[in-house]
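Student: Okay, here's what each chain looks like letter by letter:
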Amino acid sequence: MSDLSLRHRLAERGVDSRLLLLLPGLVLVLALFVYPFVYGLGLSFQPVDGGGPFENYRRFFGDAFQRDTIGKTLWLALPAALLNVAASVPVAYRLRGRFRGKRLLTTVLVIPITLGTVLTAEGLLNFAGPSGWLNRFLQAIGLIDDPLRLVNNYWGVFFSLVISGFPFAFLLILSYLSGIDPSLERAAASLGAGPWNRFRLVTFPLLAPGLATTFCLTFVLAFSVFPSAILVGDPTGTTRVISIAAYQAAYEQYDYPFASTIAIVMGVIELAVIGIVLFARSRLYTGTTGGKGA
Amino acid sequence: MTAVTPTETPADPRRRLVASPVGWLIWGTVGLFLLALLGVVASVLVNSFGERWFDSWLPESWTTQWYRQAWTGFGLFDVIVTTLEVALAVVVLSVVVGVPTAYVLARRSFPGKRLVFLLFLLPIMMPPITYGIPLATVLYKIGLAGNLSGVILANLVPCVPFVVLTMTPFIEQIDPAIENAARMSGAGTFSVFTRILAPLLLPGILASAVLVLVRTVGMFELTFLTAGPTSTTLVVALFNSMNAAGIRAQQSVDAMAVIYMLVMLVLLVTALRFVNPTQLVSQVKEEPPE
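Chains U and P, in that order, are what the protein sequence lines are. Plus 1300 on top of the position in the first sequence (first one is 1) and you've got the working numbering. Plus 13 on top of the position in the second sequence (first one is 1) and you've got the working numbering.
Chain U with its partners taken away, still in its complex shape (with noise of 0.2 Å):
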């Protein structure tokens, strides 16, 4: 068998000199994401203070401390992120297609993004704090007597999840929506289909995998929450979440397989969400769809 045969039958399998562009991007995502990952799952294995390779997974998992901020962090992960997206397609579903301001409206809608987590923090403390003006508001017009509590606590964290998380799922919802061919519904419509009865036979199905993708992108949002916890939570104590777990034990313990092992943890259920999320995904509508949203 010769060299040049072995070359032309690869070559129609589609591997040829062309496929070398794809070593610099392969190079750099297998060391520096893939050889971390199993570095890091490799020193989770291996507790500073000896006890077996599953010690730190026991330790993790037999404090109440550490094993807490699990549901601690899904509990403000999944309500924000199922918020923001639920919340995204009413609106986006009334926003596509052309109009005048559409520009302004989504620009304004982005703007949140230039905000960044501290600035959002800031911004609650001083807005909804005791004295802040929402306080003062709705104690002016008499529907409050003592100031609600809304920041340092789990409100505070969620709050500041939905104005960073919204404007993410409602212009990648938007994106999707206005992939959808407009004249799919209006051939339903034409057929006799009432308002309600479209969205839910036509628009939503083809909509579904851009759905599923949003909550998804939005849900890793969420659930990666770190400096808003500490800044407008209760870092301490309700919103103690698993990324301040971790860093807490890379950066204040310096145990850095113990941090590894809640890394690992977190990768580890987020990835059970999501494919969770997909499978249910996979259920529902398995056509094409309208735009890239498979």
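No wet-lab data here; the hints were simulated from the structure. Among the hints, erroneous ones may be present.
To be verified - A few chain P residues that face chain U, going by a derived Cβ cut-off under 10 Å, partial list only:
hint, residue
1, V59
2, V117
3, G145
4, L166
5, A211
6, N256
7, V276
Built from N, CA and C at the ideal position, the CB exists for glycine as well.
Using the hints, position chain P against chain U.
Tutor: Positioned in the frame of chain U, the structure of chain P alone reads:
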């Protein structure tokens, strides 16, 4: 008024009846959201110009001293220079590495393609902390963290996949016949890239470059985990100064947050001139004006 407006066909009155309350609810919610947002931003702005502000609607008097303090006290000039250095390096490297990868993934099919694709999807789907901590551990071990190169390397992890995923649809839109014609005329892969693809892809490259720029300037976790004292970027400096409460006046932190927002706003408004954000994931089929 019995005249029918051109956008509404007579068959539509039912739609108005059903849609109206829902529409009001939606616009009301959007309005409240925007109002709260305005309140959040305005309270930071007001505080950054306020002299003393305790239990009143507005501060007692106004001043710009917090901005002066933030500029000198935080060494803001150096921090902004570092931020731009990191961002530019990340943009250039991720475009140079990402575009060829996107090209192969958009044009070719080969064994293991799905695996390669998954490999580029994972860094985007994982929270930065999960790979940031092991990555920082490795980088510290080989002496690359705590300085500029560590910050740049760490930021490349999500940015290269981001360029790959945003460029793939742009490349798919280019007719392969153009490339084939160039190859027939004797152009090699390199000249196909520089003479044919690069000019056609310029809008896409610009779009993803600007987005990577915005992303990198705003990226907190990865920079926070790998930065040393001389490689702090704007977000990390902000977080540190706010977290170390009591050392700096809160108004001074607010002033810095306003500066950060202005930097991001300039970047984003520039980005929006090049990219229609809604066209990133799909080709928009907009309803023709009727």
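Student: All the hints need checking, so say for each whether the structure fits it.
Tutor: Going down the list of hints, with the structure as the test:
Taking 10 Å as the C-beta contact cut-off toward chain U, the hint placing P:V59 at the interface holds, the least distance being around 8 Å. With a least beta-carbon distance of about 5 Å to chain U, the hint placing P:V117 at the interface is held under the 10 Å criterion. Because the beta carbon of P:G145 sits about 8 Å from the nearest beta carbon in chain U, less than 10 Å, this interface hint is met. Interface hint at P:L166: satisfied, since its Cβ lies 6 Å from the closest Cβ of chain U, which is below the 10 Å cut-off.
With a cut of 10 Å, the hint placing P:A211 at the interface with chain U is violated, because the nearest CB-to-CB distance is about 14 Å. For the restraint placing P:N256 at the interface with chain U, the shortest Cβ-Cβ distance is roughly 6 Å, inside the 10 Å limit, so the hint holds. Proximity of P:V276 to chain U holds as hinted, the smallest CB-CB distance being about 8 Å (cut-off 10 Å).
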